[in-house]
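**Student:** Listed in order, the protein sequences are those of chains A and B. Take 15 as the starting number for the first sequence in our numbering and just add one per residue. Take 3 as the starting number for the second sequence in our numbering and just add one per residue.
Heads up, a few of these hints could be off.
[Unchecked claim] Cut-off 27 Å, straight-line C-alpha distance, at most; resulting in silico cross-link-like pairs (DSS-like, lysine-lysine): (1) LYS29(A) - LYS122(B); (2) LYS217(B) - LYS18(A); (3) LYS380(B) - LYS29(A); (4) LYS35(B) - LYS183(A); (5) LYS29(A) - LYS29(B); (6) LYS29(A) - LYS44(B); (7) LYS380(B) - LYS52(B); (8) LYS35(B) - LYS29(A); (9) LYS122(B) - LYS67(A); (10) LYS67(A) - LYS124(B); (11) LYS183(A) - LYS380(B).
[Said to hold, decoys possible] Over 12 Å on every C-beta distance to chain B, these chain A residues come out as not near it, computed from the model: (12) MET15; (13) ASP94; (14) PRO166; (15) VAL185; (16) ARG189; (17) GLU193.
It should be emphasised that the hints constitute simulated quantities derived from the structure, not laboratory data. Predicted, not measured: the structure shown is a model, and the values here were computed from it. The C-beta atom is built at its ideal place from N, Cα and C for all residues, glycine as well.
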Amino acid sequence: MDIKYGISATFNSAKDIYEAAGEVRKAGYTNWECFTPMPIHGLDAQMGLGRSKVPCFTLAGGITGFFTGMLIVWYMNEFDYPLIVGGKPYFSPIYPFPVFYELTILFAAFGTLFGMFFLNRLPRHNHPVFEHPNFGRTGDDKFMVVIEVDDPKFDEQETTELLRGLGGKSVSVIREPIE
Amino acid sequence: MSTVKTASDQADPAILGKIKPAPWIDKPLVENKRNLHWVTEKICGIVERKTPVWWWWCFILALCIASFTGMGLVYLVSTGVGVWGNSNPVNWGWAIVNFVFWIGIGHAGTLISAVLCLLKQKWRTSINRASEAMTVFAVLCAGIFPLFHVGRVWFAWWLFPIPNSNAIWPQFRSPLEWDVFAVSTYATVSILFWYMGMIPDLAVIRDRAKETWRKYFYGVLSMGWRNANNHWRNFEMAYLLLAGLSTPLVLSVHTIVSFDFAVANLPGWHTTIFPPYFVAGAIFSGFGMVLTLLLPLRSLFGLHDLITQGHIDNICKITLATGTMVGYAYSMEFFIAWYGANSYESFAFINRAFGNYWWAYWIMVSCNVISPQLFWFKKIRDNTPLVWIISIFVNIGMWFERFVIANTTLSRDFLPSSWGYYSPTIVDIFTFAGTFGFFSVLFLLFIRFLPLMPMAEVKMVMPQADPHGSKNH
Numbered sequence: 015m016d017i018k019y020g021i022s023a024t025f026n027s028a029k030d031i032y033e034a035a036g037e038v039r040k041a042g043y044t045n046w047e048c049f050t051p052m053p054i055h056g057l058d059a060q061m062g063l064g065r066s067k068v069p070c071f072t073l074a075g076g077i078t079g080f081f082t083g084m085l086i087v088w089y090m091n092e093f094d095y096p097l098i099v100g101g102k103p104y105f106s107p108i109y110p111f112p113v114f115y116e117l118t119i120l121f122a123a124f125g126t127l128f129g130m131f132f133l134n135r136l137p138r139h140n141h142p143v144f145e146h147p148n149f150g151r152t153g154d155d156k157f158m159v160v161i162e163v164d165d166p167k168f169d170e171q172e173t174t175e176l177l178r179g180l181g182g183k184s185v186s187v188i189r190e191p192i193e
Numbered sequence: 003m004s005t006v007k008t009a010s011d012q013a014d015p016a017i018l019g020k021i022k023p024a025p026w027i028d029k030p031l032v033e034n035k036r037n038l039h040w041v042t043e044k045i046c047g048i049v050e051r052k053t054p055v056w057w058w059w060c061f062i063l064a065l066c067i068a069s070f071t072g073m074g075l076v077y078l079v080s081t082g083v084g085v086w087g088n089s090n091p092v093n094w095g096w097a098i099v100n101f102v103f104w105i106g107i108g109h110a111g112t113l114i115s116a117v118l119c120l121l122k123q124k125w126r127t128s129i130n131r132a133s134e135a136m137t138v139f140a141v142l143c144a145g146i147f148p149l150f151h152v153g154r155v156w157f158a159w160w161l162f163p164i165p166n167s168n169a170i171w172p173q174f175r176s177p178l179e180w181d182v183f184a185v186s187t188y189a190t191v192s193i194l195f196w197y198m199g200m201i202p203d204l205a206v207i208r209d210r211a212k213e214t215w216r217k218y219f220y221g222v223l224s225m226g227w228r229n230a231n232n233h234w235r236n237f238e239m240a241y242l243l244l245a246g247l248s249t250p251l252v253l254s255v256h257t258i259v260s261f262d263f264a265v266a267n268l269p270g271w272h273t274t275i276f277p278p279y280f281v282a283g284a285i286f287s288g289f290g291m292v293l294t295l296l297l298p299l300r301s302l303f304g305l306h307d308l309i310t311q312g313h314i315d316n317i318c319k320i321t322l323a324t325g326t327m328v329g330y331a332y333s334m335e336f337f338i339a340w341y342g343a344n345s346y347e348s349f350a351f352i353n354r355a356f357g358n359y360w361w362a363y364w365i366m367v368s369c370n371v372i373s374p375q376l377f378w379f380k381k382i383r384d385n386t387p388l389v390w391i392i393s394i395f396v397n398i399g400m401w402f403e404r405f406v407i408a409n410t411t412l413s414r415d416f417l418p419s420s421w422g423y424y425s426p427t428i429v430d431i432f433t434f435a436g437t438f439g440f441f442s443v444l445f446l447l448f449i450r451f452l453p454l455m456p457m458a459e460v461k462m463v464m465p466q467a468d469p470h471g472s473k474n475h
């Protein structure tokens, strides 16, 4: 058994997919995706996508890191086990600054990586687009547009014709096997 | 306001039509008009084809050399830290020298991947992956020395803020504790950055894989990446942010490493020039190592279209610039030692150049200050074997720099009664030599199993990636 996932069309150059993406958006589709071997400058705008949300995760990570650093130093050197060393204060925001600084960066970096994973819904090792026989080429030198069946505007014949009209090669239906 | 007309006000704009400025020709970053598929085949081919014979020879040799470190450390742990040459007054010896040396080498990788990314230097794309790998492996080598220098290495975890049975916490007023945070953060963030950049390339290898183990190995590592534009959008933002985070990180790491010295009250160490001087030196040594590693790789794998003469030129120029900064720092230290009118400080510097370790000082100056000056000449930059030899001199010179800083000061401190002369033992020498083997083992495994260059990033700087289809992107 399998169900339809979407319709794919292959393009041969960055220019072609850039223009095709603009047309697909203008046609009113919302549930579709471009697959490219590298990020294409300006494709986000063509697809009508805004700015990525990853910076929110970075900021949250950075703030957490900074205060974690402060908390560690305050708890360990002032609260739990005060120890006089070199006549310096038990806690100060100044002298252990390198610790806050490093933890800010460390947590912000984790926030960035995991934020990217979260927003991209990764790891996900199975996905219907992997069923496309030539999917591997999208990591090499081919460009692909996939319009999903779930799209409210989806109509098998109309969508196929649109993609053909945009110059898409080997327009075909991607099927998702189900147990 | 005066109404004096300046020359520019009077200039006739029509003249701009007559003078024809020379056209600025951007050299292509990928030569010989290669297409996208060629890049994929080239980079994936290195991982996919049969292991070359030279790789096995190098790997076996590297393993043998790495075993020196293994044996040295086993001997040290089973006998005691006294098997190293450290004793009063030089209690730091080679351990700190090797630590700073390796950590400095790491800095060029982060500079290439992060700082050059923020500065939009497109030529970084073909060399950044290998340089980041160099960073990660160099930091691992660096970590060995302070870890084992603590003596009872099984208590090294006390450096981290983890509760222990003695109920004692780390002491955050010490620069050595800051170093623990700086270096462990540096190692972690470098690995994250390196790994994240690799995900799309691992996915390409996964999609091309024929054998089952490859499908699983690269499949698991690539996290199910699927080249979707939405993935790229978040990926690019995350990449930019990690570059933005790594830039202050890399500057802070060597700054904090220099605090290990500069926060002490010893003449020759207690100077404010140390942080910038150490950072410049780190980048200098790292670029030396980048040349040492990439020039052989370029000819072994025939990567001349990807690592072009333009790339080598740029690396040589950065080496020249940072080498000159290091030379400036050396002379400024001397100037301040005289200008500061502190007799201990001036003694420390005269002793550095003409005292018990004079030979080390002059090796340092000739390798670090004089040898990079050769890169002013295009003929020398074009001569790849010569560039490689100079890069070796840079590596040697930077090791001696740390040796000079650490040892001249400690061996001649305030009281002549406590003066001494430090010499390494055979265990010191073999443990350090072995780290080159350890580094090479990791690097060889990297070039065998992981994508050597970021394919997507290389493709991005090719004309084919331009959505407007212009010929010269």
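**Student:** All the hints need checking, so say for each whether the structure fits it.
**Tutor:** Against the structure, the hints come out as follows:
no.	hint	verdict
1	LYS29(A) - LYS122(B)	23 Å, holds
2	LYS217(B) - LYS18(A)	25 Å, holds
3	LYS380(B) - LYS29(A)	38 Å, violated
4	LYS35(B) - LYS183(A)	25 Å, holds
5	LYS29(A) - LYS29(B)	22 Å, holds
6	LYS29(A) - LYS44(B)	24 Å, holds
7	LYS380(B) - LYS52(B)	38 Å, violated
8	LYS35(B) - LYS29(A)	18 Å, holds
9	LYS122(B) - LYS67(A)	22 Å, holds
10	LYS67(A) - LYS124(B)	25 Å, holds
11	LYS183(A) - LYS380(B)	49 Å, violated
12	MET15	23 Å, holds
13	ASP94	7 Å, violated
14	PRO166	19 Å, holds
15	VAL185	19 Å, holds
16	ARG189	17 Å, holds
17	GLU193	19 Å, holds
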